[in-house]
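Here the protein sequences come in this chain order: A and B.
Mapping the first sequence onto the numbering used here, position 45 (from 1) lands on 45, and the numbers just tick up by one.
The numbering used here runs 113 ahead of the 1-based position in the second sequence.
Hints are computed from structural coordinates only; laboratory data are not their basis.
Beta carbons are placed, not taken as given, at the ideal position from N, Cα and C, and that holds for glycine.
Please note that the accuracy of each hint is not assured.
What the hints assert, rightly or not - Computed from the model, here is a short list of chain B residues facing chain A with C-beta under 8 Å:
id	residue
1	Met-140
2	Leu-154
3	Leu-158
4	Phe-161
5	Val-165
6	Thr-199
7	Trp-209
8	Tyr-216
9	Glu-217
10	Gln-218
11	Phe-220
12	Gly-221
13	Pro-222
14	Gly-223
15	Thr-227
Claimed, not checked - Cut-off 20 Å, straight-line C-alpha distance, at most; resulting in silico cross-link-like pairs (EDC-like, lysine to aspartate or glutamate):
id	chain 1	residue 1	chain 2	residue 2
16	A	Lys-100	B	Asp-164
17	A	Lys-112	A	Glu-15
18	A	Lys-100	B	Glu-130
19	A	Lys-100	A	Glu-20
20	A	Lys-100	B	Glu-192
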Amino acid sequence: AQSVTQLDSQVPVFEEAPVELRCNYSSSVSVYLFWYVQYPNQGLQLLLKYLSGSTLVESINGFEAEFNKSQTSFHLRKPSVHISDTAEYFCAVRTSNTGKLIFGQGTTLQVKP
Amino acid sequence: DVKVTQSSRYLVKRTGEKVFLECVQDMDHENMFWYRQDPGLGLRLIYFSYDVKMKEKGDIPEGYSVSREKKERFSLILESASTNQTSMYLCASSLWGSGRASYEQYFGPGTRLTVT
């Protein structure tokens with residue numbers, strides 16, 4: 001069975017500092033990996049995804065994530081965060097033979113001035 | 114622009130009431146999903162539907178049922194609401210199939226349900 005573990009429930013950082021949100025998954029088949037973001041009082045939005053090809057994927061607002069098959073990880077990073085990045089971030093995995101997503105527990109990123 | 118709407122942002126119901134949560138998407142997507150979001154537990158799949166009148170149980174279907182009479186609308190029903198069903202409910206939709214376009218799920222804004 002597939003599962004996703006987000007290792008930190010809360011990550012407090014100061015504005016302009018770098019951040020890493022960790023995500024590990026377990027699966028015996030090929031996977032597709034996603035990071036979703038949920039801003040306060042909103043639904044989830046896709047931030048970035050890994051389907052195939054380059055293991056480093058980027059979003060339009062400066063986040064990046066690297067697929068590491070040997071470590072079964074898909075950590076999310078940003079070199080310099082802004083106050084507006086304060087949100088909850090969810091890692092998710094989709095197996096190649098089903099349309100369902102399995103989500104991690106979520107990580108709350110709190111950016112302080 | 115892609116849009117998934119949910120009938121209510123906030124809902125307060127009493128124990129034992131029958132509750133309907135409605136979700137509508139305008140993208141002609143085949144797949145629709147209902148999730149429950151609780152702190153520390155992430156999103157858990159309640160039910161999903163891959164076609165009109167078709168449904169499949171997710172990970173936590175107990176106490177819930179669903180209805181999909183039209184392609185664009187997917188309803189979640191709490192037959193007899195209980196306090197442990199107090200939660201945020203999120204609806205999502207996606208294309209059907211194995212093509213890359215089917216991989217992304219689009220989410221509604223959520224309904225925060227409180228059962229007292």
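Here is how each hint holds up against the structure:
With a cut of 8 Å, the hint placing B/Met-140 at the interface with chain A is violated, because the nearest CB-to-CB distance is about 14 Å. The closest approach between the C-beta of B/Leu-154 and any C-beta of chain A is roughly 6 Å, which is under the 8 Å cut-off, so the hint is satisfied. Because the closest C-beta pair between B/Leu-158 and chain A is about 6 Å apart, less than 8 Å, the hint holds. Interface hint status for B/Phe-161: upheld, as the beta-carbon distance to the closest one in chain A is roughly 7 Å, under 8 Å.
A cut of 8 Å between beta carbons decides the hint on B/Val-165: the least distance to chain A is about 16 Å, and the hint is violated. For B/Thr-199, the shortest C-beta to C-beta distance to chain A is roughly 17 Å, which exceeds 8 Å, and the interface hint is violated. Using the Cβ-Cβ criterion of 8 Å, the hint placing B/Trp-209 at the interface with chain A is satisfied: the shortest such distance is roughly 7 Å. Interface hint at B/Tyr-216: satisfied, since its Cβ lies 6 Å from the closest Cβ of chain A, which is below the 8 Å cut-off.
At its closest, the beta carbon of B/Glu-217 sits 6 Å from a beta carbon of chain A; the interface hint therefore holds under the 8 Å criterion. With a cut of 8 Å, the hint placing B/Gln-218 at the interface with chain A holds, because the nearest CB-to-CB distance is about 6 Å. Interface hint status for B/Phe-220: upheld, as the beta-carbon distance to the closest one in chain A is roughly 4 Å, under 8 Å. A cut of 8 Å between beta carbons decides the hint on B/Gly-221: the least distance to chain A is about 5 Å, and the hint holds.
Interface hint status for B/Pro-222: upheld, as the beta-carbon distance to the closest one in chain A is roughly 5 Å, under 8 Å. At its closest, the beta carbon of B/Gly-223 sits 5 Å from a beta carbon of chain A; the interface hint therefore holds under the 8 Å criterion. At a threshold of 8 Å, the smallest CB-CB gap from B/Thr-227 to chain A is about 15 Å, leaving the interface hint violated. Only pairs whose Cα atoms come within 20 Å are accepted, and A/Lys-100 paired with B/Asp-164 is accepted, the gap being roughly 14 Å.
Proximity of A/Lys-112 to A/Glu-15 is assessed by CA-CA distance (about 6 Å); at most 20 Å being required, the pair is judged to hold. Distance check on the hinted pair: A/Lys-100 and B/Glu-130 sit about 30 Å apart at the alpha-carbon level, beyond 20 Å; violated. Our distance criterion of 20 Å between C-alpha atoms is broken by A/Lys-100 and A/Glu-20, whose separation comes to about 26 Å. The suggested pairing of A/Lys-100 with B/Glu-192 is violated, with an alpha-carbon distance near 25 Å, which exceeds 20 Å.
Against the hints set out earlier in the document, violations occur for numbers 1, 5, 6, 15, 18, 19 and 20.
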